[in-house]
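> What follows is the residue order along each chain.
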Amino acid sequence: MPSIEIQGGEVVYDIVGAADGQPIVVSTGGRFDMDVPGLRPLAERLAQDGMRVLLWDRPNCGASDVQFWGASESHMRAAVLAELLARLGMAPAVIAGGSSGARDSIITAMDHPEVASRLIVWSTSGGIYALMRLANVYVVPTLEALNMGGIDAALELAHWSDRIKANPRNHDRMLELGTDGLRDVMHRWLGAYVPKPGQLIPGVLDEDLGRIAAPTMIIRGGELDLDHPKRTSLELQCLIGGSVLVDPPWPEDGWERSLEAAYRGEGHPFDSWPLVAEPILRFSQQSSQKTSAINFVDGVAVPTPRTTGDMT
Amino acid sequence: MPSIEINGGQVAYDVLGDDAGVPVVLTPGGRASGELVRSLGERLAAGGAKVLLWDRPNGGRSDVQFSRRWPSEAHMHADTLQQLIRELGWGPTLLAGGSSGGRVSIITAIEYPEVTRKLFLWHIAGGVYSSMSLACGYILGNISTARQGGMQAVIEMPEWKQRIDQNPRNHERLLAIPQDEFVEVLRLWLDAYVPTPGQAIPGVSDELFAKIVAPTEIVRSDKTDLEHPLETCLQVNSLIEGSRIVDSPWAENAWEEAFARSRKTGGPPFDLTADVAPPIIEFLRDG
Numbered sequence: 001m002p003s004i005e006i007q008g009g010e011v012v013y014d015i016v017g018a019a020d021g022q023p024i025v026v027s028t029g030g031r032f033d034m035d036v037p038g039l040r041p042l043a044e045r046l047a048q049d050g051m052r053v054l055l056w057d058r059p060n061c062g063a064s065d066v067q068f069w070g071a072s073e074s075h076m077r078a079a080v081l082a083e084l085l086a087r088l089g090m091a092p093a094v095i096a097g098g099s100s101g102a103r104d105s106i107i108t109a110m111d112h113p114e115v116a117s118r119l120i121v122w123s124t125s126g127g128i129y130a131l132m133r134l135a136n137v138y139v140v141p142t143l144e145a146l147n148m149g150g151i152d153a154a155l156e157l158a159h160w161s162d163r164i165k166a167n168p169r170n171h172d173r174m175l176e177l178g179t180d181g182l183r184d185v186m187h188r189w190l191g192a193y194v195p196k197p198g199q200l201i202p203g204v205l206d207e208d209l210g211r212i213a214a215p216t217m218i219i220r221g222g223e224l225d226l227d228h229p230k231r232t233s234l235e236l237q238c239l240i241g242g243s244v245l246v247d248p249p250w251p252e253d254g255w256e257r258s259l260e261a262a263y264r265g266e267g268h269p270f271d272s273w274p275l276v277a278e279p280i281l282r283f284s285q286q287s288s289q290k291t292s293a294i295n296f297v298d299g300v301a302v303p304t305p306r307t308t309g310d311m312t
Numbered sequence: 313m314p315s316i317e318i319n320g321g322q323v324a325y326d327v328l329g330d331d332a333g334v335p336v337v338l339t340p341g342g343r344a345s346g347e348l349v350r351s352l353g354e355r356l357a358a359g360g361a362k363v364l365l366w367d368r369p370n371g372g373r374s375d376v377q378f379s380r381r382w383p384s385e386a387h388m389h390a391d392t393l394q395q396l397i398r399e400l401g402w403g404p405t406l407l408a409g410g411s412s413g414g415r416v417s418i419i420t421a422i423e424y425p426e427v428t429r430k431l432f433l434w435h436i437a438g439g440v441y442s443s444m445s446l447a448c449g450y451i452l453g454n455i456s457t458a459r460q461g462g463m464q465a466v467i468e469m470p471e472w473k474q475r476i477d478q479n480p481r482n483h484e485r486l487l488a489i490p491q492d493e494f495v496e497v498l499r500l501w502l503d504a505y506v507p508t509p510g511q512a513i514p515g516v517s518d519e520l521f522a523k524i525v526a527p528t529e530i531v532r533s534d535k536t537d538l539e540h541p542l543e544t545c546l547q548v549n550s551l552i553e554g555s556r557i558v559d560s561p562w563a564e565n566a567w568e569e570a571f572a573r574s575r576k577t578g579g580p581p582f583d584l585t586a587d588v589a590p591p592i593i594e595f596l597r598d599g
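Chains as they are written, first to last, in our numbering: chain A, 1 to 312; chain B, 313 to 599.
Please keep in mind that the hints were generated in silico from the structure rather than gathered at the bench.
We put the CB at the ideal spot given by N, CA and C, even for glycine.
Accuracy of the hints is not assured; some may be wrong.
Stated by the list, open to error - Examples of chain B residues toward chain A, derived with CB under 10 Å: (1) Y441; (2) A447; (3) T457; (4) R459; (5) D503; (6) A522; (7) A572.
Start from the sequences and build out the full structure, keeping to the hints where you can.
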């Protein structure tokens, strides 16, 4: 698997599809790597229809070098992704992602507009339960380990020991950062997940989302999805001017049922991700004029009028 | 072990010391049983106190309780405690508690001044990291497990399995809660742990501390303690008029070391608690 050094760390990536295809990067959720179920079949489907798809192990996932800096983990990844796209000659690209990959994508389009031709997100996390849970999955166990046994205890956590197994350089990278260095970053990243008024997306001021200029499509959250609430996707549409909201390509309760199935040991919650290929292709192949975007709300296509006034 | 029915559930308790002693109730941290502070209780009893130990609902041998009628688990515990004190006919009691037990004691003193003689607190949890970590420990795993595997999966979680081992009634009590209702209650209780401006401790608005009229002493927190930060201790001191900070009976880093030890052994981190006996005895004799 090829890799490239960005911000002082190797980033492992893969490209699927013809060299002259429309460039798109798809970022996965959780701290999963590019081989998570659902992702490659989605990439292959997009490649079949003429897209050139970048998959990557985001830093702190898979076999890439770990990276600990930035206002939040997603801010760090957004900066890495922007440089990765530029270095691979794939910018500007459609920036697409789900769940944590949606956060990474949103911040990429916001902070690095030059690399984003379009923004497409699904399964956007938000609300008290989801954010508290993210903090407790991504940050609290590491802080707890640091407090109890320093950096050595952190290295023994399953997630970090897996990163070292996948890439032995990560051992020294974490050790070099040390107990206090990692603790400082973890406290900063924890702060981003504290639910706050005026921050729909962790660590991002609502008004900054208005800077996103790329045509944006938001795949709506399922009605009872606590992890990626419908409400978060609707608020996101309000905050990104001219963005369009489309119904999810899976059943309304698809996420909840997939969690139950995963608990029973049947499949992965991202198994249904190839279903987003259709809306991605539809939106990516439209003209880039925001005014021509089509809203698919409740299954009905409605044009989204956009005045130029809200860009000024 | 005696027990008494409160809010439709049995609450296990024990009383140590002379019936004529000054009444003291001890509430430990975590969801720990009163047994954890038995040695502290014995020292206080030897110092002239009549000591109430109790297992809070959802901790120890008591019946579990999950209901939206209380805005947080600590509010449920405070309501249970005041009823327990009344049922025992004790009258105003010195409320002594650490960590989650400190929170319960504070809420009891705010909402039920008539059962509160004095308030003695140690290891008060607050601040971003501590609150987020409490949400993790008490709430989030329960919600995600219930959503994925229903109440059947909840009763298989180590914590609830232990509650059922200690009290087989809890098996039926937990399974009787509809999954949606369990998730709803815990989402409500989760809100208390969201770090919120104007809430020095989880789920309690700062202005409510003004209702505490009982003499209050607070053990100074260690400045390296992230679970019970010094700033929270000083905030609570500022919010309770007339409250006093007392020196910690523990060495610097004692909490961190005990916490690390408990993670290795799987035991509770509160093996230090008996050390607060001398300042409590002094406090209960004052005035």
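> Take the hints in turn and mark each one as holding or not.
Here is how each hint holds up against the structure:
1. Of the supplied interface hints, the one on Y441(B) holds, with its beta-carbon coming within about 6 Å of a beta-carbon of chain A, less than 10 Å.
2. Below 10 Å, beta-carbon pairs count as interface contacts, and A447(B) has one with chain A at about 5 Å; its hint therefore holds.
3. The beta carbon of T457(B) is positioned within 10 Å of a beta carbon in chain A (closest approach about 8 Å), and the interface hint is therefore held.
4. Contact between R459(B) and chain A, as hinted, is supported at the beta carbon level, the nearest pair being about 6 Å apart and thus within 10 Å.
5. Here the hint on D503(B) is kept, as its CB sits about 6 Å from the closest CB of chain A, short of 10 Å.
6. The interface hint given for A522(B) is violated, since its Cβ lies 25 Å from the closest Cβ of chain A, which is over the 10 Å cut-off.
7. Against a cut-off of 10 Å between C-beta atoms, the interface hint on A572(B) holds, since the closest Cβ of chain A lies about 4 Å away.
In this structure, only the earlier hint numbered 6 is contradicted, and the remaining ones agree with it.
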